[in-house]
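Chains as they are written, first to last, in numbering that gives the first Met the number 0: chain A, 0 to 398; chain B, 0 to 121.
I should point out that these hints are in silico values taken from the structure, not numbers from a laboratory. The reader is advised that the hints may include incorrect statements.
[Unchecked claim] Which chain A residues stay away from chain B? Per the calculated CB distances, all over 10 Å, these: (1) 45; (2) 115; (3) 136; (4) 142; (5) 157; (6) 219; (7) 246; (8) 272; (9) 313; (10) 380; (11) 385; (12) 387.
[Said to hold, decoys possible] Here are the computed lysine to aspartate or glutamate pairs in the DMTMM-like style, where the Cα-Cα straight-line distance is at most 25 Å: (13) 135(A) <-> 336(A); (14) 135(A) <-> 8(A); (15) 135(A) <-> 76(B); (16) 135(A) <-> 108(B); (17) 135(A) <-> 94(B); (18) 135(A) <-> 91(B); (19) 135(A) <-> 90(B).
[To be verified] Covered by chain B, according to a simulated footprint, are these stretches of chain A (three or more residues, beta-carbon under 8 Å): (20) 143-150; (21) 388-396.
For every residue, glycine included, the Cβ atom is placed at its ideal position computed from N, Cα and C.
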Amino acid sequence: MSEATAAAERVARESYGRLVARLAWQWRDLAAAEDALADAFAAALSHWPQQGLPDAPEAWLARAAQRRLLHHARHTRLTLDPRVTALLDEAEPEAPQRPAVPDARLQLMFVCAHPAIATQVHAPLMLQAVLGLDAKVIASAFLVSPAAMAQRLVRGKARIREAGLRFEAPEDRELPARLAAVLEAIYAAYTLGRQALDSPAGDLREEALFLARLTAQLLPGQAEAWGLLALLLHAEARRAAQFDAQGRFVPLQAQDPTSWSDDLIREAETALWTAAQLRQPGSFQIEAAIQSAHAQRRATGQTPWRAIAQLYGVLVQHHASLGARVGLAVAQAEAGEPAAAVALLDALPPEAAGYAPYWVARAHVLGLAGAPGRQAALQRAIGLTEDPRLRDYLVAQLG
Amino acid sequence: MQFMLVFKETTAEVSRRDDPSAAPAYWGAWQAYVGAMHGSGIVVSGNALQPPRTATHVRLEGGKRQVQDGPFADTHEHLGGYFIVETASLDDALEWAARAPCASAGSVEVRPVLPPPAGAAS
Numbered sequence: 000m001s002e003a004t005a006a007a008e009r010v011a012r013e014s015y016g017r018l019v020a021r022l023a024w025q026w027r028d029l030a031a032a033e034d035a036l037a038d039a040f041a042a043a044l045s046h047w048p049q050q051g052l053p054d055a056p057e058a059w060l061a062r063a064a065q066r067r068l069l070h071h072a073r074h075t076r077l078t079l080d081p082r083v084t085a086l087l088d089e090a091e092p093e094a095p096q097r098p099a100v101p102d103a104r105l106q107l108m109f110v111c112a113h114p115a116i117a118t119q120v121h122a123p124l125m126l127q128a129v130l131g132l133d134a135k136v137i138a139s140a141f142l143v144s145p146a147a148m149a150q151r152l153v154r155g156k157a158r159i160r161e162a163g164l165r166f167e168a169p170e171d172r173e174l175p176a177r178l179a180a181v182l183e184a185i186y187a188a189y190t191l192g193r194q195a196l197d198s199p200a201g202d203l204r205e206e207a208l209f210l211a212r213l214t215a216q217l218l219p220g221q222a223e224a225w226g227l228l229a230l231l232l233h234a235e236a237r238r239a240a241q242f243d244a245q246g247r248f249v250p251l252q253a254q255d256p257t258s259w260s261d262d263l264i265r266e267a268e269t270a271l272w273t274a275a276q277l278r279q280p281g282s283f284q285i286e287a288a289i290q291s292a293h294a295q296r297r298a299t300g301q302t303p304w305r306a307i308a309q310l311y312g313v314l315v316q317h318h319a320s321l322g323a324r325v326g327l328a329v330a331q332a333e334a335g336e337p338a339a340a341v342a343l344l345d346a347l348p349p350e351a352a353g354y355a356p357y358w359v360a361r362a363h364v365l366g367l368a369g370a371p372g373r374q375a376a377l378q379r380a381i382g383l384t385e386d387p388r389l390r391d392y393l394v395a396q397l398g
Numbered sequence: 000m001q002f003m004l005v006f007k008e009t010t011a012e013v014s015r016r017d018d019p020s021a022a023p024a025y026w027g028a029w030q031a032y033v034g035a036m037h038g039s040g041i042v043v044s045g046n047a048l049q050p051p052r053t054a055t056h057v058r059l060e061g062g063k064r065q066v067q068d069g070p071f072a073d074t075h076e077h078l079g080g081y082f083i084v085e086t087a088s089l090d091d092a093l094e095w096a097a098r099a100p101c102a103s104a105g106s107v108e109v110r111p112v113l114p115p116p117a118g119a120a121s
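Generate the whole structure from the sequences, applying the supplied hints.
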């Protein structure tokens, strides 16, 4: 790879989100901003090797993309925002500053989380708009055919264009609802990245952590943003311990706590503490508190199952998701009430039957209760599991 | 919608069937997977196949019959089995495809079934 190509890729990585957010704002058209930026990057790849790297590559790209957008606008006769026209009159846009907090990106994320856009497109759209991932990578991460994903993204952007006037930071009263969608999308991206065996979808994990840190920094008064950050950091702290040297899956209870990352746990605990000070309880904070309780084993050698069961109880009251109810059952069984746990699992809705963690939990809880049916539940879990490492682990449990 | 899931296995994965130390895990995973598909009620029909070495190929070349035993020599992935499933969408079919043991040791092709042309039905 030539030096210019490498430089273009580095600039692309560092400034894509910033540039696309700024352009989308000025022009109120996300799709056009992305197209223009793609052209600008292509131009950079052909110009820079010959003419040398410009002093301010990001400003160069911004200028090239602006020219492209203006050219396009002349043809389509868009009515321009006066701010846009004013900006185009500037002979030389000044080199963009590098603000510590590039909040145009977060604003763009809020636009992508707009209620007018289908929920299942929120996360893919954010990943494309803010991180510049291509539709194929996103499609693989979300297990959707690339053509279908591309279509969904296009539709999502069309909605944004139609709602062009809402291209502004949400008002205070809208913030909590929109923030929830942003946080859900970041959480989904992290989970998908965790499931992936390697890149490119594995990069999603890093990007999700980045977005979670960014969101908490930009909205320090929102407890759930800190809660999500704490949750992801706790999960990240144990990531290396989840597989042994042979690549075999190691369940949480069998993990050696000394192999968890101290730094990440500390950062997680600080984030959770910050959230608690704000006194706005929420699901992500409770989930982070559950992970924080698991992390206590590092200091005490014991998992506080009773406390974890109570936290799951609160979580179920907040949001009775399948995952929370399965978690509650496992914690109750571990805390010495396996019969109550079996009853909880029996009461779950029929869609639980398609959810692999439900069958894993059922096998475990039946085992603790000494009740029959453990083997059958394990079989079902194996059949529904996608991760080959988890499948191997479960097959070994068949005994 | 009906989709065909076509399971393809790498040569190494196929050979696990004959390896006494790997065969229990191999069959255990497939049995569980097929059981889960049946349990969810999506299966229209389907089968696993005998190993690729049992295959016989037939073709006509210039009107002459050519018969050949075994798989094509240069094949890297072998057909291991197939299922026709009824799911609400391609996304659901892809989700089931990803759960197949050979998804991480080969691939799964997912294709919509072509409905019979109008008038062809009985």
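Taking the hints in turn, this is what the structure says about them:
1. 45: Residue 45(A) is indeed farther than 10 Å from all Cβ atoms of chain B, at 37 Å.
2. 115: At about 22 Å from chain B, residue 115(A) clears the 10 Å cut-off, so the statement holds.
3. 136: The assertion about residue 136(A) holds, with a minimum of 16 Å to chain B.
4. 142: 5 Å, violated
5. 157: Fine: 21 Å to the nearest Cβ keeps residue 157(A) off the interface.
6. 219: 38 Å, holds
7. 246: Holds, since 12 Å exceeds 10 Å.
8. 272: 39 Å, holds
9. 313: Label holds. Min Cβ-Cβ 31 Å, cutoff 10 Å.
10. 380: 8 Å, violated
11. 385: Incorrect as stated: the minimum Cβ-Cβ distance to chain B is 5 Å, not above 10 Å.
12. 387: Given that some Cβ of chain B is not farther than 10 Å from that of residue 387(A), nearest at about 4 Å, it is violated.
13. 135(A) <-> 336(A): 47 Å, violated
14. 135(A) <-> 8(A): Holds, at roughly 19 Å.
15. 135(A) <-> 76(B): 23 Å, holds
16. 135(A) <-> 108(B): With a Cα-Cα distance of about 17 Å, the restraint between residue 135(A) and residue 108(B) holds, given a limit of 25 Å.
17. 135(A) <-> 94(B): Holds, at roughly 17 Å.
18. 135(A) <-> 91(B): Holds, at about 18 Å.
19. 135(A) <-> 90(B): 15 Å, holds
20. 143-150: holds (count 3)
21. 388-396: Satisfied; 4 residues make the cut.
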